[in-house]
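Colleague: Listed below are the residues making up each chain.
There are 4 protein chains.
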Amino acid sequence: MSHNSFGHLFRVTTFGESHGPALGCVVDGCPPGLALDADDIQGFLDRRRPGQSRFTTQRQEPDRVKILSGVFADGPDAPQLTTGTPIALMIENVDQRSKDYGDIKDKYRPGHADFTYEAKYGIRDYRGGGRSSARETAARVAAGGVARKVIPGVSVRGALVQVGPHRIDRSRWDWAQVDQNPFFCPDPEAAVLWADYLDGIRKAGSSVGAVIEVVAEGVPAGWGAPVYGKLDADLAAALMSINAVKGVEIGDGFAVAELTGEANADEMRQGNAGPRFLANHAGGILGGISSGQPVVARFAVKPTSSILTPRQTVDRSGAETDLLTKGRHDPCVGIRAVPVGEAMVACVLADHFLRHRGQTGR
Amino acid sequence: MSHNSFGHLFRVTTFGESHGPALGCVVDGCPPGLALDADDIQGFLDRRRPGQSRFTTQRQEPDRVKILSGVFADGPDAPQLTTGTPIALMIENVDQRSKDYGDIKDKYRPGHADFTYEAKYGIRDYRGGGRSSARETAARVAAGGVARKVIPGVSVRGALVQVGPHRIDRSRWDWAQVDQNPFFCPDPEAAVLWADYLDGIRKAGSSVGAVIEVVAEGVPAGWGAPVYGKLDADLAAALMSINAVKGVEIGDGFAVAELTGEANADEMRQGNAGPRFLANHAGGILGGISSGQPVVARFAVKPTSSILTPRQTVDRSGAETDLLTKGRHDPCVGIRAVPVGEAMVACVLADHFLRHRGQTGR
Amino acid sequence: MSHNSFGHLFRVTTFGESHGPALGCVVDGCPPGLALDADDIQGFLDRRRPGQSRFTTQRQEPDRVKILSGVFADGPDAPQLTTGTPIALMIENVDQRSKDYGDIKDKYRPGHADFTYEAKYGIRDYRGGGRSSARETAARVAAGGVARKVIPGVSVRGALVQVGPHRIDRSRWDWAQVDQNPFFCPDPEAAVLWADYLDGIRKAGSSVGAVIEVVAEGVPAGWGAPVYGKLDADLAAALMSINAVKGVEIGDGFAVAELTGEANADEMRQGNAGPRFLANHAGGILGGISSGQPVVARFAVKPTSSILTPRQTVDRSGAETDLLTKGRHDPCVGIRAVPVGEAMVACVLADHFLRHRGQTGR
Amino acid sequence: MSHNSFGHLFRVTTFGESHGPALGCVVDGCPPGLALDADDIQGFLDRRRPGQSRFTTQRQEPDRVKILSGVFADGPDAPQLTTGTPIALMIENVDQRSKDYGDIKDKYRPGHADFTYEAKYGIRDYRGGGRSSARETAARVAAGGVARKVIPGVSVRGALVQVGPHRIDRSRWDWAQVDQNPFFCPDPEAAVLWADYLDGIRKAGSSVGAVIEVVAEGVPAGWGAPVYGKLDADLAAALMSINAVKGVEIGDGFAVAELTGEANADEMRQGNAGPRFLANHAGGILGGISSGQPVVARFAVKPTSSILTPRQTVDRSGAETDLLTKGRHDPCVGIRAVPVGEAMVACVLADHFLRHRGQTGR
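Chains as they are written, first to last, in full-length UniProt numbering: chain H, 1 to 362; chain Y, 1 to 362; chain P, 1 to 362; chain A, 1 to 362.
As the list makes no split between identical chains, a pair holds if one copy fits it or if it spans any two.
Straight-line Cα separation of at most 20 Å, EDC-like style, residue types lysine to aspartate or glutamate; simulated pairs:
id, residue 1, residue 2
1, Lys107, Glu262
2, Lys149, Glu217
3, Lys105, Asp322
4, Lys105, Asp315
5, Lys107, Asp74
6, Lys107, Asp322
7, Lys105, Asp77
8, Lys66, Glu92
9, Lys66, Asp46
By construction, these hints were calculated from the structure, which means they are not laboratory data.
Isolated chain H, as found in the complex:
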């Protein structure tokens, strides 16, 4: 993937810093004729928006998206449709509190990208983390809203499956629960437990990691472009590119190391609509190509490093010092990563749908 773009035929370019005038994206290569207005996208942004519960940062951003280009309504009563030209989406930053950045202006926050951005570029927009802020992911979610229009037969849903040491019980998985709790948790009992657990983390000014699972159903067999544009390779890059992600799995993921060939290979029988599989260890991808089964991806998000406990660090002059992060932060930044993960998966699938159609005509 290039610097700030990803995808080949459905190509997303994002821009924007945490405390600049605006952030957004340009979605290029979208098929024409798809109904699209700002509300379609806004719904996804609202799910990602911070400040909706005590478990996410209290920064208040309305995150209103504007469509700047790429759509057209042929008359006042006509639906607004994509035209096939680039769709620019913009979200203005409104909560740019004027404040003193003195502390983080010169000190490198451990676990954050302060030091590496400065090492790379020799300059760093320290306001709210600049480009490395989680705020950047709003643009991904907006792009994902467009991507979903491209693949209407595909359902892309995400859920939080682990918070700190606490995993869900998969036997209780219920997609309907995901929007019933502030964690996108499919297991109602885990959600109760997590609330308690995260209250403790939050009050301690600490933070904790999480694991998110995204499932795409309705993906037909055949998407993916081996051997480097494999569907799983592109998903891995897309998910790993989300802030704070340190691991990505497809299907059984790391658990395959312990499996034998007998246990791991998903056997096949003949179904009404062609071959069907008796299991889905593969997570819906074989040889980098979708198999027609649900595509299952999982990713791990580290705890945010913005915590109230002082940590050892250095400043730009090389002096050793301590740093603690005051102000708004996320006790579990992984929660808000759920709609971001969904968006990235939707974008990758939309791109591979078009690429597959381009090469094969199907």
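Since the structure of chain H is provided, determine the placement of chains Y, P and A on it from the hints.
Modeller: Same frame as chain H, but now just chains Y, P and A:
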């Protein structure tokens, strides 16, 4: 990543099927003036070559690489140097046994890409798995040999750290051991245990998964191209694109889910040559940019699905049937993935070195 | 080049329609630490802006550019610098007259892209030509303003060298004249003649074509990425992608067909700073690589098809009809192509500077 | 376009030097299921092959192409089909005369890329021009042979339309004549005149330029990806990337500068199968999108700089000297550019067919 190419400035395109005339790659964008001859590359291919122990497939391929272009020696005694033009590398297939493919010609091997290749393309080169064969990875290893020349100050080394349920004891990690056993295992005691364990697997005609770790030392702070060309995002794609890989981790990987912010953030002190870190949970990458610490990546390889136990499947006509895979196969295909993982990491690093130099001049 | 992006390391993505809310671009991969504020870019936009003389369309657009991201001033008195992150530039459309598009809504304007956009996308934003409007080139000019910052030692200047049948006298070429007339004409006598000639064209409601020449001085030897990323190949694509361009030449261009090898090859002598050339038939590019001589490119712009004479056409229903274009138009749209051509050349050069530096370290 | 690759979905990567072991290409993204064997490609290579008349270089190369990958025949009597995986094509160099390169080893041939390759890379494969040799175009022609299979309804034909000052009479244009003379000349009378003219050039050890026209018929309306992947922009890059090309035109090309809007805009009437045009000044492309008319591109090739007349130059040490080129050379290298131009146009069209199908499903 596009179909069969990856990288931006250091760009690798591979080709070839398991039983075609040849496989190979074109490495484009290599800096000029680097000493390169076939022997430099051959050493890496020899490490990947099958048939070197009873724990890998017995297919015998000399895997001799020829350099077709992109190098020049200015006189009979002058060193052969890269010229900056594309370097084509070719490996001829010599062990293409004439045989009857009747069984796998029409049946989809469970766990393999037979069904998905056919679903995508409507045609399938079934001889030895065609393009989806592990044989394809020889071209990656060859490209990696060129990549290492581009980043001479960086050491890229891999090791097998888990076979089936058996993990190494990291306290016994000794890089010198890696070439002393047929498993690229850094823990000599684990290697002994694995030999026994894999003999059992092999005799049972079964197979098992594995985890590989690749460590790159000497990577300076600053490589990576956020937010989609993050170093970890490109590593994730590169490693996930290797056959049979189902998971990728950077640094602590999935374990970060259980960590608190206090435990996870690597604190900093001032060292002689600038900031240094007191730990490396991040695996050498923060915000998608290298931190100067060792870059640590890990990936899980599933057990090969070519086993002697019959498995349920269907054939192209839709008839239900059983299949068992006779002939040569790998009890633990993860072993040979070690040099492949190294090669992919080397290619990604070489590319990011050039991209960073391009943008920043450093 | 992909749909709406061009360049590899210095990569420009543009968006926007003639009558949408805004148009703009995202410039990705810009080196960090370059002083950049909106005024730097505004100057170039002002040169392209319509309505500055009677020889260009009377549409009034202030074309004020806003920088949405990618720059940072470290304190109120510090200069605003690029940070290496994507630079988003936005120009809001303010002169979107509410009007009846009835005539062009359904009829295909001959010579315009109405029919082909509809053939491709099945939908067409007919307001002012939508994406195919010359208005789109404002985003190119904005991007060019950033590109010039990347190559401060290079001067990129353009001039109109032919209007209709009237060519300049090259012996009178004077760069200082270019800003002294409404035509970017380097020959003051030609400018006087063109004023008369174009007044006639304008009053007749007609239009005429033109040829623009862009010269880049200060390009060192070595830029260009043969054999497909040749400097001249990228220039050709960049210039041909400008609206209404039908031809591109480098150096002597089509005149080389009539030359012999003796006349065409630029001989070399030794200068103070290395080899120098005795002529520049090559236009500063040999084998796709800059030679250190001025890079000379030329492109032909067709007459705008918006004229007052009725032309035969068909409408969407297939009925035959006539069409004449009322309202604002350009008697010679080639005039405003001068700053656009400069911008495209600057972007290509900036990209090749970074690519060359990436591959070779120089 | 990147270094040695072009195209997005139909992507061609070439490699090889004039006097290395082999040259060739990898064609990636080809649709599966197309009948393809070496003979299909060989025919096009034979047209480009040198030494077929006294008007081209006497270097003898059989230029036999081998398909290394990407095709499969399902049984001994089955047709060989593309599989959708990368198609590698290789042409071994057999006429690598062992000779003394002493003269051109150190001297920069004026008009050639010797100096610029060395300025860029610091090293130069001087044997036969290395990568900058016209020999490289054999790989383009091979790729073009594959491209034609992708667009079977499109006819791509080229012709030489000008040699030195001598243009064809377009009223005598007869495609059937093109293969009846050694010049690919569609005007039999011009061919006779050219033979005389070029005999004079050849005997004088001189050379001369030429203009080639390529016409693609059967291209449906809708191909092209504005605004940077315009069909004409990609054609311009593709043609300008051919060795020695200095200008590219679409349709009326530079002549549009002299036209008025009335004369230039192709009027439309309703035909049996939708809108039809009354003229084709546009060369089949409007707004960067094909219009359904024949696509017409023209390019100018400079005279080769390898001539028998001594020219002033310098050597690597900076000493001034003279140089004349002994041995085999082309009096009009433009002749052999005809099949090369066809191949480049075919590749661009194949790519845009797939891209259009990917985005729109048509």
